[in-house]
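When the letters of the sequence shown are read in order and numbered with full-length UniProt numbering, they come out as residues 1 to 316.
Don't read these hints as lab results, they were simulated from the structure. Since the structure is predicted, the reported quantities are computational estimates derived from the model, not experimental observations. Cβ coordinates follow ideal geometry from the N, Cα and C atoms, glycine included. Check the hints yourself; a few may be wrong.
FRET-style restraints, in silico, Cβ to Cβ [to be verified]:
hint, residue 1, residue 2, range
1, 133, 81, 16 to 24 Å
2, 116, 237, 35 to 43 Å
3, 73, 23, 24 to 32 Å
Computed list of lysine to any residue pairs in SDA-like fashion (alpha-carbon distance at most 20 Å, straight line) [stated by the list, open to error]:
hint, residue 1, residue 2
4, 216, 28
5, 216, 199
6, 117, 38
7, 216, 192
8, 215, 199
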Amino acid sequence: MISDSARASLYLITIIPSIIASIINLYYLLCDRTLRTAFNNHVIILVLLFVLIFDSTTVIWSIHFYRSGIVLVSNPAFCMIGTFIDSTVTVIITYLMAWASIERHILIFHSHWFATKSKRFVFHYFPLFLCLIYPIIIYSFMLFIRPCTIQFDYHQSQCGFYGCVTLNTNLAIFDVLAHNFIPITIVFTLNIALFIRVLYHRHRVQQRIDWRNYKKMAIQLLLIAAVFILFLFPPIILYTAYSFGLSWNVGADYISDGVYFGFYAFMLIPFASLSSLPKLRKKCKNIIFFWQRHPTINPEAMLLTRIKPNQTINKY
1 MISDSARASL
11 YLITIIPSII
21 ASIINLYYLL
31 CDRTLRTAFN
41 NHVIILVLLF
51 VLIFDSTTVI
61 WSIHFYRSGI
71 VLVSNPAFCM
81 IGTFIDSTVT
91 VIITYLMAWA
101 SIERHILIFH
111 SHWFATKSKR
121 FVFHYFPLFL
131 CLIYPIIIYS
141 FMLFIRPCTI
151 QFDYHQSQCG
161 FYGCVTLNTN
171 LAIFDVLAHN
181 FIPITIVFTL
191 NIALFIRVLY
201 HRHRVQQRID
211 WRNYKKMAIQ
221 LLLIAAVFIL
231 FLFPPIILYT
241 AYSFGLSWNV
251 GADYISDGVY
261 FGFYAFMLIP
271 FASLSSLPKL
281 RKKCKNIIFF
291 WQRHPTINPE
301 AMLLTRIKPN
311 QTINKY
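Produce the complete structure using the sequences and hints provided.
What follows is the structure, given as structure tokens:
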């Protein structure tokens with residue numbers, strides 16, 4: 001098991017580049033009108049925005065908790081608000097990733113579904129709205145509206161306030177299935193299916209469809225989904241088993257570290273997005289390695305510096 005001081009240090013090393021990468025991604029996608037209006041980028045922009053919120057709140061609070069062993073602000077209001085932000089933001093990102101996995105199939109293989117305003121509302125804007133509003137409503141009910149008498153422990157993550165959900169068996173099962181296992185399984189299965197479908201259709205109808213654009217759309221999501229699945233899917237499977245009665249002694253050490261590394265599923269999304277945008281990646285590379293760029297020297301200019309004042313040059 002990783003020590004708390006090591007956990008704080010690892011988060012701190014990652015969080016600053018993650019925030020910077022999120023800002024760069026958002027600036028690039030929002031300032032370019034073509035990128036900003038592209039349907040495939042809307043969900044990515046929202047994911048990056050909520051990852052930035054996650055980095056700026058939950059991760060920073062977690063770093064303080066791992067370093068000091070106590071929550072940032074020791075009062076009930078902070079515990080309740082912090083738990084609510086953590087719960088809603090992570091589920092919003094998860095739902096957006098699940099919808100992105102569904103929508104990418106529509107954009108590539110059924111683009112005519114976006115032909116009219118009404119279709120765009122049904123198949124694009126309304127699902128995005130649901131991904132944003134549903135977690136806010138459901139966690140407002142589970143954490144605030146539903147009666148819950150729990151004693152705050154400032155030496156526990158989230159002060160133990162999430163126990164309002166996990167200590168109720170039925171609610172815990174609903175929470176892990178609806179907000180974790182099902183959407184992450186959708187991300188996993190549909191991205192594998194997307195990869196297979198793109199390869200299949202690329203060879204089947206290569207002459208009729210511009211597969212270069214579709215390939216970019218597929219790669220953009222596949223890279224982000226790969227990071228998301230790698231860090232989040234294994235601990236979620238085990239946590240789901242716990243909710244259905246598996247003893248907490250099974251994989252106890254792994255689940256602690258698994259939940260910890262699960263945060264990387266969100267923190268590394270900006271880097272995956274960055275790698276899927278070749279023009280942005282090239283710009284960042286030029287900025288980072290600017291000192292390695294050598295000026296281009298005209299051969300004739302070099303020759304002129306070596307001749308005598310009265311000497312002439314025959315180019316032919």
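Taking the hints in turn, this is what the structure says about them:
In this structure the hint that residue 133 and residue 81 lie 16 to 24 Å apart at CB holds, the actual value being about 19 Å. As the Cβ distance of residue 116 to residue 237 is approximately 41 Å, the hint placing it in 35 to 43 Å holds. The hinted range of 24 to 32 Å is satisfied by residue 73 and residue 23, whose Cβ atoms lie roughly 26 Å apart. Distance restraint check for residue 216 and residue 28: the Cα-Cα separation of roughly 16 Å lies within the 20 Å cut-off, and the hinted pair is therefore satisfied.
Restraint check for residue 216 and residue 199: satisfied, since their Cα atoms lie roughly 13 Å apart, inside the 20 Å limit. With a CA separation close to 15 Å, the supplied pair residue 117 and residue 38 stays within the 20 Å bound. For the proposed pair residue 216 and residue 192, the alpha carbon gap of about 16 Å is at most 20 Å, so the pair holds. Under the criterion of a C-alpha separation no larger than 20 Å, the hint pairing residue 215 with residue 199 is consistent with the structure, at around 9 Å.
Checked against the numbered hints above, the structure violates none of them.
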